[in-house]
Structures are given as C-alpha cells and as structure tokens.
Amino acid sequence: MKDRLYESLFILDKCCATILRLSDAIEENQTNETRRRSLDLHIVDLGYYMIMETVSFLDEYNGAFINNVEAEFRERIMTLRKIATPIIKKITRWKDLEKFRNNIVAHPWRKDGRIALPTLSNYNVPSDPLDFHILSHLIHYFRQLLHAEFSTEMEEADHYVRTLANQPDPPPPDYSSLNTEHIELKNVVNELAKEKNRSYGIKIFLYYLDDEPDGAEYDKYGNRVEKN
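Sequential numbering from 1 applies to the sequence shown in the working numbering.
Be aware that a few hints might be false.
[Stated by the list, open to error] Below, computed lysine-lysine pairings styled on BS3-like, alpha-carbon distance capped at 25 Å:
#, residue 1, residue 2
1, Lys14, Lys89
2, Lys111, Lys95
3, Lys203, Lys186
4, Lys14, Lys95
5, Lys82, Lys95
Calculated from the structure, these hints are not laboratory results.
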C-alpha cells in the first residue's frame, strides 16, 4: 500500500501550488509603489496566506513525509531530504513563520491574552513583495525535486485522492427565502436599535434569484433593489 505516501505527496504539492498561485497574485496586484518594497493591504492579505501555507508545508514535510510514509519509500525520502536540505534551510531562515501564523494569521491578534500587533518588524518573516517572491521561488525549487523523485507516484497520488473525494454531491441549497430572510433580519435589527434609541438604519443586500416575481428591480451588480 502507498496510501500514506500518496496523502503526503498530495498535501505537499497542494501547499506548493497554493503558494505559487498566491505569489502570482501578488505580482499581478503590485503597483509602482509596492514595487518599491512597501505593502498594500491586499498584498498583506495574500502574504499572510502564503505564510500560513508555508507553515502547513513545513509541518507536512517534517512530520508525515519524513517520518510516517511506508517503509519501502524510506530510502528515497531520505535521499530527497538530503538533496533538499539547502532549500529547506533557506525557507526556515525566516525563524518566526510558525509564531506569526499562530499569533497573527490563525488567531485574533492575541498572544497569552494580550494584543499582538502584526508589526512585521517584530517577526522574522517575509516582509515585502520581494521576500514573498523569494519564498515562492524556494518552494518552486523544492517542488521540482519532489516531482523529479516521485513523478509516477505524484500522478498516482492525484488519482488516489480523487477517488477519496468521489462522493455524491450534496443537494443544492435552497435560496428561495433568502431575500425574505434578509428583509426580516433588517427589520428586527432596526427595531432593536429603535428600542435603544439608536437610528442605525442598516441597509441590506438583496439577491437576483431565478424565481423572483416579475417587475423586480436590480442594481448594476445584479442585486435586487429593495422597495420601500
């Protein structure tokens, strides 16, 4: 059986592919200003996701891949590990990847109950667009090694995971009452605000649905316009 190898190969490749896509998205969204090494908010979000996936990659690599695959692949994995060591060392030179993931990305900016501000200067992690591109290039180098060593098994792993995911689709959600629910929600919230002498007057989104009555009006985004 190769189940554990297949699962680990699939997870590693998934992490690598996600990191590379995120790096491409950062490149596509860079402005002239961000090319001068600053970070726009949308690039920060993409970078945070890259850090999260990098920690997941390292967890899988150092855990299940190195220690828990079938014995018949042990020698090949140790060979790959030896060859990939310089690449992994370059990635882990950012020593606070896991700490940043835990304190900032995966949790609500708190550490031991106290606020933990996401100041990149306080963490040894990628901190500008160039850093994130370097990280993605290192991941790409590793991925080349992984595919070279396990080219046949990578294809088998993809097929194996697809068979696991080959389950009947759930029934489609029923959205027929969606607009009614949002209108009722707005009315309840505004009434509660009125009871507390607040005039918040929240506005809501309404949605284009196939079973909408004739004469419904929609805005330029396809959302139905609520009529007073």
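Structure-based check of each hint:
1. A hinted pair counts as satisfied when its Cα atoms are at most 25 Å apart, and Lys14 with Lys89 qualifies at roughly 21 Å.
2. Restraint check for Lys111 and Lys95: satisfied, since their Cα atoms lie roughly 17 Å apart, inside the 25 Å limit.
3. Annotation: proposed proximity of Lys203 to Lys186 holds, straight-line Cα distance about 7 Å (limit 25 Å).
4. For the proposed pair Lys14 and Lys95, the alpha carbon gap of about 23 Å is at most 25 Å, so the pair holds.
5. About 21 Å separates the Cα atoms of Lys82 and Lys95, which keeps this hinted pair within 25 Å; it holds.
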